[in-house]
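Student: The lines below spell out each chain.
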Amino acid sequence: DQQVKQNSPSLSVQEGRISILNCDYTNSMFDYFLWYKKYPAEGPTFLISISSIKDKNEDGRFTVFLNKSAKHLSLHIVPSQPGDSAVYFCAARPSGANSKLTFGKGITLSVRP
Amino acid sequence: IAGITQAPTSQILAAGRRMTLRCTQDMRHNAMYWYRQDLGLGLRLIHYSNTAGTTGKGEVPDGYSVSRANTDDFPLTLASAVPSQTSVYFCASSPEDSSNQPQHFGDGTRLSIL
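Sequence lines, in order, name chains A and B. Position one of the first sequence corresponds to residue 1450 (my numbering), numbered consecutively onward. Position one of the second sequence corresponds to residue 1082 (my numbering), numbered consecutively onward.
Heads up, a few of these hints could be off.
As the list claims (entries may be wrong) - Facing chain A, a subset of chain B residues (Cβ under 7 Å, in silico):
hint	residue
1	1123
2	1124
3	1171
4	1189
Stated by the list, open to error - Derived lysine-lysine pairs resembling BS3-like cross-links, with alpha carbons at most 30 Å apart:
hint	chain 1	residue 1	chain 2	residue 2
5	A	1554	A	1517
6	A	1505	A	1554
7	B	1138	A	1520
8	A	1549	A	1505
9	B	1138	A	1554
10	A	1520	A	1549
11	A	1454	A	1505
12	A	1503	A	1517
13	A	1505	A	1517
14	A	1520	A	1454
15	A	1549	B	1138
16	A	1454	B	1138
These are computed hints drawn from the structure, not numbers from a lab. Built from N, CA and C at the ideal position, the CB exists for glycine as well.
With the rest of the complex left out, here is chain B (with noise of 0.2 Å):
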């Protein structure tokens, strides 16, 4: 079935470790986004890649690093996790980034930085 993968599925970790949470997606979308749910917060933007070999700084960037050397995979890195960065991730897709095409999700990474 057609849509995007995280991995993880969830994760603790020690404050102070490197984190890489993986996305891929087969839908041969040109845009992918990062964001993170906190309660009470709603969705906040990460990153973003419009395509593939650029990438962009979301809302709420500091701490994160994300790259994307091809289309299908755009993994987001924790350097060095803070308890801040407890979260649930989110991973989504566009075909091209513009205004009347939906991002589509994948089902989430549930972080917990101890």
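Isolated chain A (complex conformation) (with noise of 0.2 Å):
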């Protein structure tokens, strides 16, 4: 049973435009959410994260939406560039001690120049 599902395996996106990537989870008590990016060869690198108190957090042209009735959350990438073209992974841990991350799958984004 996937808690983290990110149901779109690929994305293609015209470079400038934006891309949007999506998440859904199923466990209510995920309260904590985080977005990794992948390059071929090279381990998940930690790209943007957001608390369930927020709905929103910007850092750059990187934003994260959290919506917890809808229990989904996006990343935004806005103006996408050629090397954002990598596997983002959505990752989600509920509070508490000794609580463990989730991974989506993951999507690959490629963005054409």
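Build the complex from these two chains, which are given one at a time in their own frames, with help from the hints.
Tutor: As structure tokens, then:
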């Protein structure tokens, strides 16, 4: 049973346009959400996070939106750049000691020049 | 440069052989983790350690063991490798095992079991 779902395996966007990557979750105990970016032959790198007490967090070109009632979050990248082409993982964890991250399957973003 | 070092980068191994994947971090992080990444399945937690001297089981621990003798090192051992353990293995660390601290990842070990 997948608790963090990234239902679209891939997304292709024109350079300069907005990229919207979606993530859904089923566990209502999740209260901290992260996005990781992964290039081939490298490990995932932390991109941006959001706590359940917020509905938006922005860092430069990257903004994460959280809709708790819908159990949905999205990562917006604007403007998209060719260097943003990578696999993006959504991850979530509940609060409390000894809680662990649960990752989605990832989505491959391709930004066309 | 501070970070996580994994070795080897890649390995081809015969089924039934024993293999230890090495992971070292120089950030003095207390918490460390081992994940495997398989196509279509994302990252799944194998084992973790909240602090030196303690370890715990993740989502897919069978066939794997870990030890945490000190803060910096967190080796993952396959006692008798099987083809289903063919995967890319990532080691990660975080300052503490708490909800608001992102994990830092190594560059992975690509393991093929024949």
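Student: Each hint should be assessed against the structure and marked as holding or not.
Tutor: How the hints compare with the structure:
For residue 1123 of chain B, the shortest C-beta to C-beta distance to chain A is roughly 4 Å, which falls under 7 Å, so the interface hint holds. Taken as an interface hint, residue 1124 of chain B checks out: its beta carbon lies about 4 Å from the nearest beta carbon of chain A, inside 7 Å. Using the Cβ-Cβ criterion of 7 Å, the hint placing residue 1171 of chain B at the interface with chain A is satisfied: the shortest such distance is roughly 5 Å. Taken as an interface hint, residue 1189 of chain B checks out: its beta carbon lies about 6 Å from the nearest beta carbon of chain A, inside 7 Å.
Simply put, residue 1554 of chain A and residue 1517 of chain A have alpha-carbon atoms about 20 Å apart, close enough for the 30 Å limit, and the pair holds. With a CA separation close to 23 Å, the supplied pair residue 1505 of chain A and residue 1554 of chain A stays within the 30 Å bound. Between residue 1138 of chain B and residue 1520 of chain A the alpha-carbon distance is near 27 Å, which keeps this suggested pair within the 30 Å criterion. Using a Cα cut-off of 30 Å, the hinted pair residue 1549 of chain A and residue 1505 of chain A holds, with the two alpha carbons roughly 23 Å apart.
With a CA separation close to 21 Å, the supplied pair residue 1138 of chain B and residue 1554 of chain A stays within the 30 Å bound. For the given pair, residue 1520 of chain A sits about 18 Å from residue 1549 of chain A by alpha-carbon distance, which is consistent with the 30 Å threshold. Pair hint residue 1454 of chain A plus residue 1505 of chain A holds up; C-alpha atoms about 20 Å apart against a cutoff of 30 Å. Between residue 1503 of chain A and residue 1517 of chain A, the direct Cα distance comes to roughly 9 Å. Compliance with the 30 Å bound is thereby established for this hinted pair.
For the given pair, residue 1505 of chain A sits about 11 Å from residue 1517 of chain A by alpha-carbon distance, which is consistent with the 30 Å threshold. As the CA atoms of residue 1520 of chain A and residue 1454 of chain A are separated by approximately 10 Å, the hinted pair is consistent with the 30 Å bound. Pair hint residue 1549 of chain A plus residue 1138 of chain B holds up; C-alpha atoms about 11 Å apart against a cutoff of 30 Å. With a C-alpha separation of about 23 Å, the suggested pairing of residue 1454 of chain A with residue 1138 of chain B holds against the 30 Å cut-off.
When held up to the earlier numbered hints, the structure conflicts with none and fits them all.
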